[in-house]
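Student: Okay, here's what each chain looks like letter by letter:
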Amino acid sequence: AQKVTQAQTEISVVEKEDVTLDCVYETRDTTYYLFWYKQPPSGELVFLIRRNSFDEQNEISGRYSWNFQKSTSSFNFTITASQVVDSAVYFCALLEIGGGFKTIFGAGTRLFVKA
Amino acid sequence: AAGVIQSPRHLIKEKRETATLKCYPIPRHDTVYWYQQGPGQDPQFLISFYEKMQSDKGSIPDRFSAQQFSDYHSELNMSSLELGDSALYFCASSSQGEGNTGELFFGEGSRLTVL
Numbered sequence: 001a002q003k004v005t006q007a008q009t010e011i012s013v014v015e016k017e018d019v020t021l022d023c024v025y026e027t028r029d030t031t032y033y034l035f036w037y038k039q040p041p042s043g044e045l046v047f048l049i050r051r052n053s054f055d056e057q058n059e060i061s062g063r064y065s066w067n068f069q070k071s072t073s074s075f076n077f078t079i080t081a082s083q084v085v086d087s088a089v090y091f092c093a094l095l096e097i098g099g100g101f102k103t104i105f106g107a108g109t110r111l112f113v114k115a
Numbered sequence: 001a002a003g004v005i006q007s008p009r010h011l012i013k014e015k016r017e018t019a020t021l022k023c024y025p026i027p028r029h030d031t032v033y034w035y036q037q038g039p040g041q042d043p044q045f046l047i048s049f050y051e052k053m054q055s056d057k058g059s060i061p062d063r064f065s066a067q068q069f070s071d072y073h074s075e076l077n078m079s080s081l082e083l084g085d086s087a088l089y090f091c092a093s094s095s096q097g098e099g100n101t102g103e104l105f106f107g108e109g110s111r112l113t114v115l
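Protein sequence lines correspond, in order, to chains A and B. No gaps in the numbering here: position 41 of the first sequence is 41 in our numbering, and each next residue is one more. No gaps in the numbering here: position 93 of the second sequence is 93 in our numbering, and each next residue is one more.
Mixed in with the good hints, there may be bad ones.
[Claimed, not checked] With a Cα cut of at most 30 angstroms, we get these calculated BS3-like pairs of lysine-lysine:
#1 K114/A <-> K70/A
#2 K52/B <-> K3/A
#3 K52/B <-> K70/A
#4 K3/A <-> K13/B
#5 K38/A <-> K13/B
Bear in mind the hints are in silico, worked out from the structure with no lab data behind them.
Okay, chain B solo, but in the shape it has when bound (with noise of 0.2 angstroms):
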């Protein structure tokens, strides 16, 4: 069965760079959540979509901005990047339709590291 796609799986950057993630969510699933993993924490939620359209926020920096396209899937721009925003970001999907179990579906992870 086809899972949340993530990519990439890894990234370096410098500090001050830009870097994109993108999320291709389970077919037929409608929403998309974006955590972030620091190293020895827990994931903390940052953006989620709901049929395209933003739908929750958390603790995400001003430097960042995500998007769900037509196609479903997402993705997370992070600009003038800190060392701070080392970490494993989790892309998940759910479907809030009918039936909807409130699980989340996640990829494996991107990692950014920024040097």
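Bound conformation, chain A alone (with noise of 0.2 angstroms):
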């Protein structure tokens, strides 16, 4: 069963248009971690955060904000006014600490963001 599913392929939005990434977690550990990382076009996997299972508390940095909501199994990710620099590939990923310490990553989300 994937274990983490994010639902949109590709979004496309207008620069300064607010996006949300969405994504869907699955687990059986009550001790997990949430990340999300960004794949610009260079191809490198940059980390832009990273939440545990027992901190649902709500974060903002800078343009970007992500609420963490445990009784939906969601994690997902809000960029502010987007850039064109915004465009990239994001990847949301869980860590189960039962898991072995191995990362699964969902599909990804391709966003454009177009001048």
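Got two chains here, each in a separate frame; can you build the complex from them with the hints?
Tutor: Here it is as structure tokens:
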């Protein structure tokens, strides 16, 4: 069973629009971490945020914000006032502590931000 | 700060040839992971090593092998290459010690093209 689901394959927005990338995860572990990674066209994977399963506090970092809700097993990512440089593939990932410290990625959401 | 170093960055091989990718983790990180990312796909976990011992195995073909050496660098050996092995291969490292955050630190990837 897929453990991390990113239902949005591609999203296209115009610069300055807000955009939310959805992530739903599945786990039986009580202790786990959730991550978001950005993969720009150059190919490298860039770490954006980590959340552990005991910390449901939402976080804001500049134009980025994350909404973690255990009740719905979701960890959504919002970019406010999007910019062309935000164009990339964004991956949500799950690390189950009982799973051998193996991080599982979602299929990714490709975000296009047009000027 | 030192990051994960992967070499070579680009590699072109013919079918049935052998390729070796190298990874130098962040100093004092005790765990190394290998991921394979095919075109348009999410990174797929191949194998991991903790303190030089294989700790977990994912969807790694039998034609592939990996090891971690005494200096903690790791090598991924791929034999009898097939066209489908063309992908971006990421190495990542993390620390499972006290205070471990579960965060993977990725290298920039090695792009393998099999002709």
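Student: Could you tell me which of the numbered hints above are not met by this structure, giving the numbers in increasing order?
Tutor: Hint check: 1, 3, 4 fail, others pass.
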